[in-house]
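S.K.: Residue numbers (the numbering used here), protein chains in the order written: chain A, 1 to 305; chain B, 1 to 228.
These aren't lab readings, by the way, just hints derived from the structure by calculation. Each statement offered as a hint is correct.
Cβ-Cβ distance ranges computed for the label pairs, FRET-style:
1. L186/A - G166/B: 46 to 56 Å
2. Y8/B - W222/A: 31 to 41 Å
3. E137/B - G29/A: 20 to 30 Å
4. K110/B - W33/A: 37 to 47 Å
5. G187/B - K26/A: 34 to 44 Å
6. G140/B - R15/A: 32 to 42 Å
7. E137/B - P274/A: 52 to 62 Å
8. R72/B - E271/A: 43 to 53 Å
9. G63/B - K13/A: 25 to 35 Å
10. R72/B - V44/A: 35 to 45 Å
11. Q182/B - K26/A: 30 to 40 Å
12. K68/B - W222/A: 15 to 25 Å
Computed list of lysine-lysine pairs in DSSO-like fashion (alpha-carbon distance at most 27 Å, straight line):
13. K110/B - K22/A
14. K89/B - K22/A
15. K110/B - K13/A
16. K61/A - K253/A
17. K301/A - K10/B
18. K70/B - K13/A
19. K26/A - K132/B
20. K301/A - K73/B
21. K115/B - K13/A
22. K115/B - K22/A
Even for Gly, the Cβ is constructed at its ideal location relative to N, Cα and C.
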Amino acid sequence: MCATQPEVTTAMKIRTFGRHIKESLKSLGRNGWMTFASVSAVTVTLLLVGVFVMIMMNLNKVADDLENDVEIKVFVSLDAEEDDITELEEEISSLDGVESADFSTKEEELTDLVLDFGEELSLFEQSNPLFDVFYVKATEPQQTETVAKDIAALEYIEDVEYGEGKIEKLFDFLNAGRNVGLVLILALLFTAMFLISNTIRITIVARRTEIEIMKLVGATNWFVRVPFILEGMWLGILGSIIPIGLVVLLYQKITEFVQPRLSGELFQLLEFSPFIYQVSALILAMGVFIGIWGSFMSIRKFLRV
Amino acid sequence: MIQMKNVYKKYPNGIVALNGLNVEIAQGEFVYIVGPSGAGKSTFIKMMYREERPSSGQMLVDGKDIAKLKNRKVPFLRRDIGVVFQDFKLLPRLNVYENVAFALEVIEEKPQIIKERVMEVLDMVGLKHKAKMFPRELSGGEQQRVSIARSIVNTPKVMIADEPTGNLDPDTSWDIMNLFEQINSTGTTIIMATHNREIVNKLRHRVIAIEGGLIVRDAAGGDYGYED
Numbered sequence: 001m002c003a004t005q006p007e008v009t010t011a012m013k014i015r016t017f018g019r020h021i022k023e024s025l026k027s028l029g030r031n032g033w034m035t036f037a038s039v040s041a042v043t044v045t046l047l048l049v050g051v052f053v054m055i056m057m058n059l060n061k062v063a064d065d066l067e068n069d070v071e072i073k074v075f076v077s078l079d080a081e082e083d084d085i086t087e088l089e090e091e092i093s094s095l096d097g098v099e100s101a102d103f104s105t106k107e108e109e110l111t112d113l114v115l116d117f118g119e120e121l122s123l124f125e126q127s128n129p130l131f132d133v134f135y136v137k138a139t140e141p142q143q144t145e146t147v148a149k150d151i152a153a154l155e156y157i158e159d160v161e162y163g164e165g166k167i168e169k170l171f172d173f174l175n176a177g178r179n180v181g182l183v184l185i186l187a188l189l190f191t192a193m194f195l196i197s198n199t200i201r202i203t204i205v206a207r208r209t210e211i212e213i214m215k216l217v218g219a220t221n222w223f224v225r226v227p228f229i230l231e232g233m234w235l236g237i238l239g240s241i242i243p244i245g246l247v248v249l250l251y252q253k254i255t256e257f258v259q260p261r262l263s264g265e266l267f268q269l270l271e272f273s274p275f276i277y278q279v280s281a282l283i284l285a286m287g288v289f290i291g292i293w294g295s296f297m298s299i300r301k302f303l304r305v
Numbered sequence: 001m002i003q004m005k006n007v008y009k010k011y012p013n014g015i016v017a018l019n020g021l022n023v024e025i026a027q028g029e030f031v032y033i034v035g036p037s038g039a040g041k042s043t044f045i046k047m048m049y050r051e052e053r054p055s056s057g058q059m060l061v062d063g064k065d066i067a068k069l070k071n072r073k074v075p076f077l078r079r080d081i082g083v084v085f086q087d088f089k090l091l092p093r094l095n096v097y098e099n100v101a102f103a104l105e106v107i108e109e110k111p112q113i114i115k116e117r118v119m120e121v122l123d124m125v126g127l128k129h130k131a132k133m134f135p136r137e138l139s140g141g142e143q144q145r146v147s148i149a150r151s152i153v154n155t156p157k158v159m160i161a162d163e164p165t166g167n168l169d170p171d172t173s174w175d176i177m178n179l180f181e182q183i184n185s186t187g188t189t190i191i192m193a194t195h196n197r198e199i200v201n202k203l204r205h206r207v208i209a210i211e212g213g214l215i216v217r218d219a220a221g222g223d224y225g226y227e228d
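Make a model of the complete structure from these sequences and hints.
M.R.: Given below as structure tokens:
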């Protein structure tokens, strides 16, 4: 009757899609405990993914902030007269890649130390052992090392210090954390997918006769597959609800607690919006992805259409 | 309608089910397929609706070469073929009406057409008054009628029946055969595999006997010819 009109039947009609959605939802209820098990697995997985992403992204942000704030501390030789210092300041400022150079006398340095470490240090006021100092900032954090070397080559320079090594260590730490986290998450993703594909397999087995008849009377392969793909997708979506809720709530609390305490500091956490919405979208997307992938594994194995 | 030329079928386990079969069945024919179990009857039947494909040889169904037909085209071939089984294959969760309508729903037919056609065929098989009942509430004969209604609801050109009376008592079997006669009289080709000697001998039609993967006898109005 409509065998000669494949174009009509391949176009997914709204009515058909409604039927598929209904079937897939019914199946969720019918599978009861398996649905619950796979949704729980997805929930645990996505929750860990969410928390992990939240931590890693923020550590990256902190590292970036710190990196941007790397200062070069230039100790001026004691031989330098006031004129030499003025000249030196001009020389430093005119170097390539220098953004700013702030001078601080040894008296000012000592005052800072006293402020930081206490009155006991004020006895050094009689004979100040410190140096006059320039605080130099490079335009780009990557240029810090070159700028430091250029400055060291100038006259009247006692020593040059900058946070070499510290940032690299932080990045090493971040990389290691990322790798461990990725392995853990991959293992969890695999488990969740395995559970989903098992649930779908149960649906397929329970509906063997139905599928057989569908195929006999000429339902297209996609018509047979779609309800199972949808069921997998629901499992993924259901599994992402709790993680999204918790991650949003958690980050709200974290930002509320941490943000005021970090005001004026060199580094800040990522703003609540849009960061947390991006994380939520990622969690949902991963849920949908593992759901669909899980059902495809079963469809391929148990449904030869 | 159906043409087989040197059709050969060897299963992966090495069994040769069809050994170079040649046959031609015209539109509107009524054909019995007889022969001992394991002779290749089932393979022959399954090839008609492309459940199995020939290992070699040519097989045309409604002008389409089954061997070369792409997988995604198979559904459209099957819409021209109705299949009836010994065990009815009805869906227990659906009532009579829904079981028949299912065949049209899954090929995305319009709801209005589904309603009309389903009531039409239920009337034809005499089960209009039991449309709301579930398969378990019906007798074997009634269940087979539902499955026949389902197989013809899409007005196929060929109806393939694999031992349709195998699970039914003699009286009920005759009712089913009357239904087949009626369907055949509208021009639908009927190919029926059977072990029912009484039916084949009384209701004379073309008989094709298959043994050892070959056609050993092909006679218009022939008899069953076996003693089982």
